[in-house]
Amino acid sequence: MSAEHTQIERRSTAVQQPLEWLKGQSRWSVFELLFWVAALIPFFFFPTYLTLFSQIAIAALFAISVDLILGYAGIVTLGHAMFFGLGAYVAGLLSAKLGWGEPITGLMISGAFAGLVGFLVSFLIVRVQHLALIMVTLGLGLLTYELANSMSWLTGGTDGLLGVKTWDILGYFRFDLWGYTAYGYSLAALLIGFLASRRIVNSSFGLALRGIRENTARMPVIGSEYRWHLQKIYTISAVIAGIAGAMLTQTTNFVTLEVLSFQRSADVVVMLILGGTGRLYGAILGALIFLLMRDQLAGINPQYWYFWIGLLLMVVVLFMPKGILGRLSDLVRRFGR
Amino acid sequence: MIGNIAIVLFDGFAFGMLLFVLSVGLSVTLGLMNFINLAHGAFGMIGGYVTVLAMRQFGVPFLLTLPAAFLIAALVSVFFERTLFRRLYRAGELNQVLFTIGLVFVATAVATYFFGTGQQPIVLPSWLRGSVEIAGLRLGVYRIFLIAIALVIVALVYFGLEQTRMGAQIRASVDNQRVAQGLGLDVERIFAVTFALGSGLAGLGGALAIEIVGLDPSFGFHFLVYVLIVVAVGGLGSVAGSFVGAALLGIGDVAGKYFVPEIGSFLIYLLLVGILLVRPLGLFGKR
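Protein chains in written order, with my numbering: chain A, 1 to 337; chain B, 1001 to 1287.
Hints listed in this document are in silico derivations from the structure and should not be mistaken for laboratory results. Hints may contain errors.
[Said to hold, decoys possible] Ranges between beta-carbon positions, derived for each pair:
id : chain 1 : residue 1 : chain 2 : residue 2 : range
1  : B       : D1186     : A       : L318      : 47 to 57 Å
2  : B       : Q1057     : A       : N301      : 22 to 32 Å
3  : B       : Q1119     : A       : N301      : 46 to 56 Å
[To be verified] So these bits of chain B aren't anywhere near chain A, every CB distance computed over 10 Å:
id : residue
4  : L1030
5  : V1060
6  : L1094
7  : F1105
8  : Q1119
9  : D1216
10 : L1281
[Said to hold, decoys possible] Not the full set, but computed from the structure, chain B residues with beta-carbon under 7 Å of chain A:
id : residue
11 : L1098
12 : F1099
13 : V1106
14 : W1127
15 : S1131
16 : V1132
17 : P1261
18 : E1262
19 : I1263
20 : F1266
21 : V1273
22 : G1274
23 : L1276
24 : P1280
Given the structure is predicted, the values throughout are model-derived calculations rather than measurements. Glycine residues also receive a C-beta, built at the ideal position from the N, C-alpha and C atoms.
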C-alpha cells in the first residue's frame, strides 16, 4: 500500500460524500490547539510586551477579514482600511460624542455599521475585475480617508479624536496600564473571529468561494450564483474588519486618521502575503511577523525598517508564492514522508 | 473670475501634462504585458534624484540633466526588468502588486538613507523662472515650458507608435500578444525596450516634477496613486487615453483644490470610482 494509493482512495470517498470531506477538513489538529495555548504565553513571560501583542491580535483579526475576501474569494483589495477605520471611528464617536463606552455593545454597533457600509459597497465591488477592481477599492479607501479628513468637526481631523473613554469589560475587567485586559480582550475577539471564519471557509459556502477564486466563468455553469456569494463574504469581511478597528479604539482610547490610511490597507495585504493567503493561520502568522519585525527594526532604526519589510516581501513573492506558512507546510509534507 | 478660471485651467493642464509624462509608460507596459508595476513612480523618483545630484554635485545645467534623468531611469528599470520582473509575468496580479510595492518600500528607504527625508529643492536657470503676461493673464514660464515638453513627447510617442516599425510591433503586441508572437515578433524584447522607454519617461517626469511638487523619498508612493488613476481612467495601452486622463485629472485636481479646498481630493476619488464603475476598462480602453 503506497501513500499514493490511500490518497486516491481518500479522493474517491470525497467525491461520494462531499459533506464528509468538508467535515474532515474542519477537524481540529494538535498544532492548532498548541497554537492557541501558545497565544497565552505573553501573559506569563512577556508582560512588558502585552500592549504590542494586543496590537498583533487586532492586526491578525483585520488580516483574517482580508484573507476571507482576498485569499478565499480572490477579491484583491487595496482599500480595506476603510472598514477598519469606520469601525474605529464609530467606536470612538460612541464614547466621545454620545458617552457610551460599554466595550462589547460598542464592538457590535461598530461591526454592524461597517457591515452595512460593506454591504452597500459590495454592489460596486462585484461589477469590476482585475485592475479596475484594485483601483475601485483603492479609490473608495482614499475617498473615505478624505471624507473623514474634511469632516473634522466630527472626527477631529488630523488632530485625532480625543476624549474616548472605554468602560470596564462586563463591569469587571478594567483596562490596565500593562495591557493585561487589552490583550485578553483582543485575544478573545481574535479567537471568536477566527472560529467564525473557520466555520465559514470549511462550509459549502466557503467551497463555493474558492470555486469563484479559481474560475469565475465556470461557477454559474455549475449553478452557483457567484455575485451574491461575493457580496455575502464582502459584507462579513467588512463586519470583522470593523470589529478589529473598534478594538483598536477601545484598547488605545484614541482614534487618528491613520486608521483609514492607504498605508494600513497596504500593510494588511503585506501581512497576509507574508503569512500565506487562503489559510487563516497565514493571516495570524503574517501579522505576528510583520509587527514583531516592525517593533524590533523600528527600535534599531526607525527610518529604514520598511527596507527590510520590502526586501522580505520581494523574497516571499519570488521564492515562496504560498507565503511563509505555505512554504513551511510544504516542507513538513516533504520531510514527513 | 474668468481670469481665475483661465489660470486654473492653465495650471491644471500643466500639472496634467506632468502626470502624462509620468504615467504614459505604465499605461503602455500594462497594456502590453498585463504587468501591474506599482514601482513605476519609484523610477520617476530616480530621475528626480539624478537631476538633483547632477545639478548640485557637478553643476550640470538643468536642461542637460533631463536626458540624464531619462537615461539612468531607463537603464535601472531595464536591469530590474531583465533580472526580476520577468519572473512575475505569469504570476497573479496580487503577486505583481506586492512585489512591486516591496520594491517601492526598498527604494523609499534607500532614498531616505542617501538624501534624508527632506525636500530637495533645485535652482532653475533664470529664463525658466518668473511669469509672463499673455492676453492679460500671468502665466508661469516653467509651466509653459512643461506643457511644451509634454506636447513634444506626445508628438514623439504618437509618431513613434504610429509611424515606425518598432511602434507597429508594439501596437501588434498590445492588440494580441499570441498572434504577434506567432508572426515571429520577439515580444519579450519589444517589452524590454518599451519598459525602458516608459520608465525613462517616468524618470524625465520625476525630474520635471521637482519644481512643481517637490521631491522627497515618498515621491514613489505619493505619485503612484495619481499615475494609477491616469492609467485606469485612460484605459490600458492607450496613449490618447493617458493624455485625456492626465489632462482631466490635472485640471480636476487643481480646480478642486482651488475652488473647493475642503473636498477637492474627495471629488477626485469620487470621479475615479464613478468612471471605473461605468467604464471598467477606462475611457479609451478596448479590452
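Checked hints:
1. B:D1186 / A:L318: 47 to 57 Å: violated, 25 Å
2. B:Q1057 / A:N301: 22 to 32 Å: The hinted range 22 to 32 Å holds for Q1057 of chain B and N301 of chain A, with Cβ atoms some 26 Å apart.
3. B:Q1119 / A:N301: 46 to 56 Å: Given range 46 to 56 Å: violated, Cβ gap about 22 Å.
4. L1030: violated, 7 Å
5. V1060: holds, 29 Å
6. L1094: violated, 5 Å
7. F1105: The claim breaks: F1105 of chain B does not keep its Cβ more than 10 Å from every Cβ of chain A (closest is about 3 Å).
8. Q1119: Fine: 16 Å to the nearest Cβ keeps Q1119 of chain B off the interface.
9. D1216: holds, 12 Å
10. L1281: L1281 of chain B not clear of chain A: closest Cβ-Cβ about 7 Å, inside 10 Å.
11. L1098: With a closest approach of 5 Å, the L1098 of chain B hint holds.
12. F1099: holds, 4 Å
13. V1106: With Cβ-Cβ at 4 Å, under 7 Å, it holds.
14. W1127: violated, 38 Å
15. S1131: violated, 31 Å
16. V1132: violated, 35 Å
17. P1261: Since the shortest Cβ distance to chain A is 9 Å, the answer is violated.
18. E1262: holds, 5 Å
19. I1263: holds, 5 Å
20. F1266: holds, 4 Å
21. V1273: For V1273 of chain B, the interface hint holds, since the closest Cβ of chain A sits about 4 Å away, which is under 7 Å.
22. G1274: At about 9 Å, which exceeds the 7 Å cut-off, the nearest Cβ of chain A leaves the hint on G1274 of chain B violated.
23. L1276: Interface hint status for L1276 of chain B: holds (5 Å vs cutoff 7 Å).
24. P1280: holds, 4 Å
Of the hints listed earlier, those the structure fails to meet are numbers 1, 3, 4, 6, 7, 10, 14, 15, 16, 17, 22, in rising order.
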